Amino acid sequence: MDLLVIYIGLLGSFALAISGSLTAMEKKFDIFGVVTIAFVTAVGGGTLRDVLLSERSVFWFEEVNYLYVILIGTLLAIVFRKRLSKASKALFLFDTLGLGLYTITGVQIGLEYELNHINCMILGTITGSFGGVLRDILVNEVPVIFKKEIYATVCIAGGGLYLILYYQGVPDPYLQICSALFIIIIRIIVVYFKISLPSIYSNDS
Amino acid sequence: MDLLVIYIGLLGSFALAISGSLTAMEKKFDIFGVVTIAFVTAVGGGTLRDVLLSERSVFWFEEVNYLYVILIGTLLAIVFRKRLSKASKALFLFDTLGLGLYTITGVQIGLEYELNHINCMILGTITGSFGGVLRDILVNEVPVIFKKEIYATVCIAGGGLYLILYYQGVPDPYLQICSALFIIIIRIIVVYFKISLPSIYSNDS
Amino acid sequence: MDLLVIYIGLLGSFALAISGSLTAMEKKFDIFGVVTIAFVTAVGGGTLRDVLLSERSVFWFEEVNYLYVILIGTLLAIVFRKRLSKASKALFLFDTLGLGLYTITGVQIGLEYELNHINCMILGTITGSFGGVLRDILVNEVPVIFKKEIYATVCIAGGGLYLILYYQGVPDPYLQICSALFIIIIRIIVVYFKISLPSIYSNDS
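Residue numbers (this note's numbering), protein chains in the order written: chain C, 740 to 944; chain Y, 740 to 944; chain E, 740 to 944.
Here chain C stands alone, though its shape is the one from the complex (with noise of 0.2 Å):
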């Protein structure tokens, strides 16, 4: 299993570095600021998680696959940028993928910690979508996951879903499979058939 996790970990680090570079190039910033970009994209959420948690250290001091990946994502994405807008489609699924395994990761670390649940919950969500965050921080954008998207929400019930599972007694590999799943289906089905969440201003002048 662990090794499992290492591996879609890199495969949502890479996806997350290319969603980063193609942000960046959109502002048309210089070669290093895009691989900056990406970086914070895809180590963003693990490493907030990593400083909040004061034993840790952080995870791409230890596991240096991470940089390898990220840079071929972004290298990857600088040369076939134009090509990229039309494969959105492939780019969210593996953003998703991340999306999914990082929250879970998350949590699975808050409970190692001995965290109490929505500490869990909220950690898996900063590991999940905080880079996304930083992203929009550092071109000076306010972060979409604020306005457009939901999947912070779906993170949140994933973690819960986790929780449950693992409080059922169900056994290590199926846990995060399930709840990595959870996730990513929730928030597939989310984006195409355009869901968001309730708004709080309708009723408003």
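Worth double-checking, as some hints may not be accurate.
One copy or two, it doesn't matter: identical chains are merged, so the pair holds either way.
[Unchecked claim] Straight line, CA to CA, 25 Å or less: simulated SDA-like cross-link-like pairs of lysine to any residue:
| # | residue 1 | residue 2 |
| --- | --- | --- |
| 1 | Lys-767 | Phe-932 |
| 2 | Lys-821 | Ser-935 |
| 3 | Lys-766 | Asn-879 |
| 4 | Lys-767 | Leu-815 |
| 5 | Lys-821 | Val-797 |
| 6 | Lys-821 | Leu-902 |
| 7 | Lys-821 | Gly-899 |
| 8 | Lys-767 | Lys-933 |
| 9 | Lys-933 | Leu-832 |
| 10 | Lys-821 | Ile-848 |
| 11 | Lys-767 | Ile-811 |
| 12 | Lys-767 | Thr-892 |
| 13 | Lys-767 | Asn-855 |
| 14 | Lys-821 | Ser-938 |
Keep in mind that the hints were calculated from the coordinates and are not lab data.
Given the structure is predicted, the values throughout are model-derived calculations rather than measurements.
Chain C is fixed; fit chains Y and E onto it per the hints.
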């Protein structure tokens, strides 16, 4: 005293969560965005303090009641969003209460970790005001603290008073109450009489 | 050598504090805002480095002289703000000195913590350049480093040179002096001849 600190700290989080929610709703964020901004405004300062002190774990990992209070504050802000613009004085008072106490806890924690005096005052100011800075960064505004408000200056002065009283041997509850009251009263005076820092641009062409 | 590092480090903070102050005054921040931006620009990079290395405490908690130097730099920038636009060459030199040395200390600290080579270079670049990124985020601009300046690329190259010399067995003061000088000289050449990174958008329609 410790219980008093927790109660007023929770009250402060409650007020800051409302202030964060109102800011996010002005920007038409979705419900997740509103909750996030509320959370960040309420815990941002204390979180940065705990991250800078490498041996400390994040306070809302230890004391989960902060999370409940923030959620309640956010819900109330959403439900009563139309009326709250009229109750801005009550809000301002809560906010100032929280500011005063957070600053004092920051200074106190700095002393516990044997930081020098300037660092204690910086840590207090960060604890009191950084939540608002993060809120403004996330909604893509120049932090209000740098332009219109002088409360950070008030925090620094309050932190200084705490240190003076501490070395005069003032005992424990009075020490905190005096310094927090000082910050609260000075801030109210400053806002009521619209006092601002002397401009450094006055004699510029 | 250690004393030399501290002296040049203080000189670097001094220059970065002036650069931060000037940026904040252009935006008409009040005096507290100017001090904050100066502080963040001067210590931001080293602080992020120390936070990422979970066992390290923040450097300006340990060595308070940084704070004094930053305050002096900020005061001078405020008093002489009209003349400083004409002395931009002196400023640029100080800034580059600080950049060179900070990058090297970042790489060196990375080696001490037994990070791998890529991570050492990343840590050096973060130490050298993140203060400026934070400054630009706080004044609500797209970080200049991502668009106009190539100094981060110079940092990475200088970090690489440090590692090569280190494994060649170059002894302690020469190792740091050579790598820092390399960064400083290359940056001066790059700015003097207006060299920029090859555009990745050149053949785009």
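Going down the list of hints, with the structure as the test:
1. Lys-767 to Phe-932: between (32 Å within a copy, 22 Å between copies)
2. Lys-821 to Ser-935: Between copies only: 23 Å across, 30 Å inside.
3. Lys-766 to Asn-879: both (10 Å within a copy, 15 Å between copies)
4. Lys-767 to Leu-815: within (17 Å within a copy, 36 Å between copies)
5. Lys-821 to Val-797: neither (34 Å within a copy, 44 Å between copies)
6. Lys-821 to Leu-902: Intra 42 Å, inter 37 Å, cutoff 25 Å: neither.
7. Lys-821 to Gly-899: Neither. Shortest intra-copy (39 Å) and inter-copy (32 Å) distances fail the 25 Å Cα cut-off.
8. Lys-767 to Lys-933: between (29 Å within a copy, 18 Å between copies)
9. Lys-933 to Leu-832: within (16 Å within a copy, 42 Å between copies)
10. Lys-821 to Ile-848: For Lys-821 and Ile-848, the Cα distance exceeds 25 Å both inside one copy (38 Å) and across copies (40 Å).
11. Lys-767 to Ile-811: within (20 Å within a copy, 38 Å between copies)
12. Lys-767 to Thr-892: between (31 Å within a copy, 17 Å between copies)
13. Lys-767 to Asn-855: neither (43 Å within a copy, 31 Å between copies)
14. Lys-821 to Ser-938: between (35 Å within a copy, 15 Å between copies)
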